[in-house]
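*Asks:* Line by line, the protein sequences give chains A and B.
Just so you know, we're using full-length UniProt numbering here: the first sequence kicks off at 1 and counts up by one.
Just so you know, we're using full-length UniProt numbering here: the second sequence kicks off at 1 and counts up by one.
Think of the hints as simulated: they come from the structure by calculation, not from any bench.
Since no wrong hints were added, every one of them can be taken at face value.
To spell it out: a stretch of chain A is covered by chain B in this simulated footprint if at least three of its residues, at any positions, have a beta carbon under 8 Å from a beta carbon of chain B; those stretches are:
(1) 193-207
(2) 268-277
Listed next, the in silico EDC-like pairs over lysine to aspartate or glutamate satisfying Cα-Cα at most 16 Å (straight line):
(3) Lys49(B) / Asp219(A)
(4) Lys49(B) / Glu218(A)
(5) Lys233(A) / Glu218(A)
(6) Lys193(B) / Glu161(B)
Take a look, some chain A residues computed to stay more than 12 Å from chain B by CB distance:
(7) Glu188
(8) Leu293
(9) Leu312
(10) Gly314
Beta carbons: idealized from backbone N, C-alpha and C, even for Gly.
This is what each chain is made of:
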Amino acid sequence: MIKSWTLPALVAFSILTVAAAPLVGPHWIPPEAILKPVKGVFESDLFWKIRLPRVCTSFLAGSALAVAGLAFQAIFRNALATPFTLGVSSGASLGATLYVGLGFTFSILGFPGDVLASFAGALLSVGLVYYLSRLKKGFSTSSMLLAGVAVSFFFSSLILLVQYMSDFTKSFQILRRLIGGIQVVGFEEALNLLPFVVAGVAVVAGLSHELNLLTVGEDIATSRGVNVNRTKKVLFLFTSLMVGGVVAFCGPIGFVGMMVPHIVRLFLGADHRYLTPGTLAFGGGFLTLCDTLSRTVLSPVELPVGVITAILGGPFFIWLLLSNSSDRSFF
Amino acid sequence: MSEAVIEIEDFTYASGAKRILNQVSFRVGEADYLSIIGPNGAGKTTLLKCLNRILPGGEGTIKIRGRRLESYSQRALARLVSYVPQLDGRALPFSVDEFVSMGRYPYLNPFSPLSAEDRRVVREILERTGTLDFAGRRLDTLSGGERQKVFIAAALAQGAEILLLDEPTSFLDYRHQVEIHRLLRELNREHGKTVLAVTHDINNAVLACNRVLALKEGRKVFEGEARELVRKETLEGIYETAFLFVENPYSALPLVRPAESGS
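Input sequences plus hints: build the corresponding full structure.
*Replies:* So this is what it looks like as structure tokens:
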């Protein structure tokens, strides 16, 4: 069927994007300057120390957000569900906000304190949503969504409170973190992110059959032999860790987890054995593209990548809501 | 009675304070065809869902093939018990072939594609259920009757000896009702499947099945041979409405229909 050429096409798009992105920017780097410095070391340094690490980080972040979104949409049988809907980003943002607002400066084992605080916040919100939905019998989909929305709103109000109490400089710092962006020097961020992404993607890929059946419905999935609660728990935990890691390093980059799986589904159909690799590739390529745009659109001024994804994602979200006709009540 | 495939003893299932099933006991023998009848809200669907742990828990014991239900992993249970839910019109983004293949789940490993054996089983089932002709079509383009056959095919792909069906012919036109009934009878008689079907079609229950179980307000009110059911006081006791009995020229058992008030 269509899969025979669409999956390679998505992968090719990502490879091309990733290959071209580090060369593009306020200063164009000619490919021959990468390996042997032509006009001195400047261009090769720019490539190896700034641009390539940034592309690696954005590729990993994009893949992670998209694959997590894919899993959540299957679990919740809802094209609008992402880990962000469940409060992961507001939890991480609250962590970072408290770190800045309360004036902490520390680091543990080489991890900067703001990253650790974001990560702790993400885990806190995941734990809270998990615990709240457990209170209602059966760990149901709707109670998890509602708990997620409630936790999101609550954390957002706390963020506003901290921001309101802070002075002008701190308030601006907080705002900057809330917008999200990928500003990295060197490969440290990418390397720190890598284990989270590998673990999360491996779990989602290993549960392809289960995700297909969850798409059909929990009753059918159970009767076919899926341990639905355990599958949901494992997916929820690993994807949340993955997204928590991304938000900790890059801030909340919205809408990637919603848009990418949806676009990939249009090309590949509904089978997660193809969707997971497709989403991995396209998610990475997509965020890399967005990040390249954020560096070049208003060059030399740089936009936060979260602004680009939100500008694309907002209208997409509305289009998705409006186009949810009876024909495609799910995807 | 043949060897018991399903044994239920004193089974009670409650949702909150309400007992949906109340101390239900019965046995189902090998290759039995059991109809489960009763008024709306009697607990028929709940009973089916308890038998394959879509609804876990409950008090009392359920044994499948002599082993307690809780002792099976969900995957092992799926190899013994399969389930066809009530027909709904939900959009499903899969083709018939993909959906039926997903019934092979209890035999698959992570990352592994379908084996040649899996493909052979799926193809045989598509043929047997008359769904091969539209195997490439998406589920939400099918008619109700076609969709029901596909759901039965997908359940059969599990290779389970017990088939649970929730109102398999409600909402279907007559031709599809006849086809589904014929298919179920064939599965029961020629392939030795043990069939449990929730139904409101008493006449078919009497003609097609060898045993009937009636539930009312969560309690068992009748269990026995199908022909014993067709008695005025039995049926009127179950449904609390008057029935007309019409002589059936092709059978010793009468046809039954509810008497309309005023007639």
